[in-house]
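Enquirer: UniProt numbering numbers the first residue of the sequence shown as 1 and each following residue consecutively.
In short, the hints are calculated from the structure, not lab data. A couple of the hints might just be wrong.
[Stated by the list, open to error] Here are the in silico distance ranges between beta carbons for each label pair:
1. Q558 to K656: 34 to 42 Å
2. Q47 to V204: 16 to 24 Å
3. N589 to K656: 29 to 37 Å
4. A321 to G280: 19 to 27 Å
5. N355 to G281: 21 to 29 Å
[What the hints assert, rightly or not] Calculated cross-link-like contacts (lysine-lysine; reagent style DSS-like; alpha-carbon spacing at most 25 Å):
6. K279 to K335
7. K5 to K140
8. K282 to K367
9. K140 to K205
From the three backbone atoms N, C-alpha and C, an ideal C-beta is built for every residue, glycine too.
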Amino acid sequence: MTDKKIRWGIIGPGSIAKAFRGGIENSQHGVLAAIATRDPSRPSLAQDFPGVRVVKGYDALLADPEIDAVYIAVPHTGHAEWAIKAAEAGKHVLVEKPLALSAHEIDAVFHAHKKAGTFAGEAFMYRLHPQVKQLLDLIKSGAVGEVRMIQSSFGFSMGKFQPQHRLFASELAGGGILDVGGYPVSMARLIAGATLGKPFADPVKVSGTAKLNDEGTDDWAAALLTFENGIVAQVSCAVMANLDNVLRIHGSEGRIEVPDFWFANGNRDQGLGRIDVIKGGKTETLSVNETAHVYSFEADAASLAILEGRQEFAAPGMSWADSLGNARVLDQWRKDAGIEYSVETPGNRTRTLDNRTLGPNTGIIPKRSIPGLAKPASAVALGFEDFKTFASGAILLDAFWEKGGNVFDTAFIYGGGYTEKLFGQWQKSRGVREEAVVIGKGAHSPLVYPDVIAKQLTQSLDRLQTDYVDVYFMHRDNLDVPVGEFVDAMDAEVKAGRIRGPFGGSNWTKERLDEAIAYAERTSKTKPQALSNNFALAEMLDPIWAGCVTSSTPDFKQWLIDRQVTNFSWSSQARGFFTDLAGRDKRDNEELVRVWYNDQNFGRRDRAIELGKQLGHSPIHIALAYVLAQPFPSVPLIGPRRLVELEDSLKAFEIKLTPDQVKWLEQG
């Protein structure tokens, strides 16, 4: 092993930073090189961090060439910001728990470090203590039989509600769930995983509750976690109640109890781990008898991972997947409790996750001209129907914008209206409405009637916080209604200025759109100029949902070429057909089999795989590049849920398919 030591810097000189200093001083592979503070003149610094170099400002520490890794100990609300900035500066990070406010934020942090090639870890220091290994060995050996229930708590009382204190303030993401709830949750997931032979297990069901204070944060809270093998965990936390703080593992033949497991049942400086095994009315007390500093194991594990070129902790430390799973439980817990921190709301989350003003709308995504649209539009449109909170959705919307994307796909029915509301909040907070291209849709089944369009558009515009949409589609067609009535309704909205670009039908046939165009020409009404039908390299064999229409057939594609009608293509990558989810021998996914499986589509998939290998890309990139390479205006809709998925989709822009390649892909 090399004698090199990782040079650590600390951001945020609070009490937890002092504890970590003790761990570093007692570690084998790390050394504390500097501490960053916004106020170097603080008299307590010399006492708390004797002999340590003091750097003014966090940015200065990240720019310091004498620093390899950073321990982030600022309040919760600064964790994601400084962890991402550290990655951009090429610094490894150990972030005090919680690593960020939500799983979406944590995923963004890991994405930044994956790209940078740097280590990122969540500082649950108890996970690396020898007591945990002894506990896991007991469980795996069947010391108390089959594990059936887990009880774990971490709670203390501040005595008095202090609305400005970090443990209560909503603007600082206060409350027990984020501050200490992660400990019992992470332990329960660790134990459940051990019973399954895994590093951790994610619950299949979470049900949480809490008592909220005037700040809307939790004074005390509890949750039930149910795991796939039937284990039920009761977890609780508090900042205004002195809980017993004992981990109890109930088995078929006895139970295990561990007091204050996160301190290995010792003080903050010297951990002396104690585990009680209670069986047959007798108690056997086991002790780890470990005298090393309780934080030294975490400091060494992180330092060693960095020295070995690893980007995450090895088990039983918190791996990236482990931290994400833990955060998803906390997300659900506080959702059930009705907790949204004020710092996450649109009025306060006006900047990017790393605390920047939103950047310009330039990047890898090119712009194109769309017939009937006065402003340039990005070559792909973003669908974001799956996001349920502003703070989670804004991460992806910001990234898409800064990659050059400005077309956003919304609809009256998406998320029960929440998708429109989310976009309205985002565009308002970012000030981008005039540059953005907003797609709206209305009149979905069963309300496919002309008189619904104006009513729904009014509600949509209110949610979107704007007075117009750029593109509008009738979301379904109703063949019992004369097509002219739909054209009249849409024309009225164009003349009222509430639709300022092309309109048309989503899931309309070419025959029906021809009728609509002919009617508009006869009556001097605004002509439909766009469609939003499925179009992909794989032809949709059976409608994904009732009333869906594909434009991938040869005759429909030729119609699009002849008419030069713009198609905003949904399921443009055939919903996973060009990934490893599909295959001739993979028939578990009913939708994939029903909608896409036939010889023609598998032939196209085979050729996409072959061409991808030639070009150094995956078949999913080829599939998206195919939709982009059409001889008619073609704007694929993409629906990434994570930053890594967004960036992966955009690799299609590295590919420029020739007409011959397009024809070759279409064979058969």
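Enquirer: Indicate, hint by hint, whether the structure satisfies it.
Expert: Hints, verified against the model:
One distance hint, 34 to 42 Å for the beta-carbon pair Q558 and K656, is violated here, with the actual separation near 23 Å. The hint said 16 to 24 Å for the Cβ distance between Q47 and V204, and at roughly 49 Å that hint is violated. With their beta carbons about 32 Å apart, N589 and K656 fall inside the hinted range of 29 to 37 Å. Remark: the range hint 19 to 27 Å for A321 to G280 is contradicted by a beta-carbon distance near 38 Å.
Separated by about 58 Å at the C-beta atoms, N355 and G281 break the suggested range of 21 to 29 Å. Only pairs whose Cα atoms come within 25 Å are accepted, and K279 paired with K335 is rejected, the gap being roughly 38 Å. Pair hint K5 plus K140 does not hold up; C-alpha atoms about 35 Å apart against a cutoff of 25 Å. Distance hint between K282 and K367 is unfulfilled; the C-alpha atoms sit about 74 Å from each other, more than 25 Å.
As the CA atoms of K140 and K205 are separated by approximately 24 Å, the hinted pair is consistent with the 25 Å bound.
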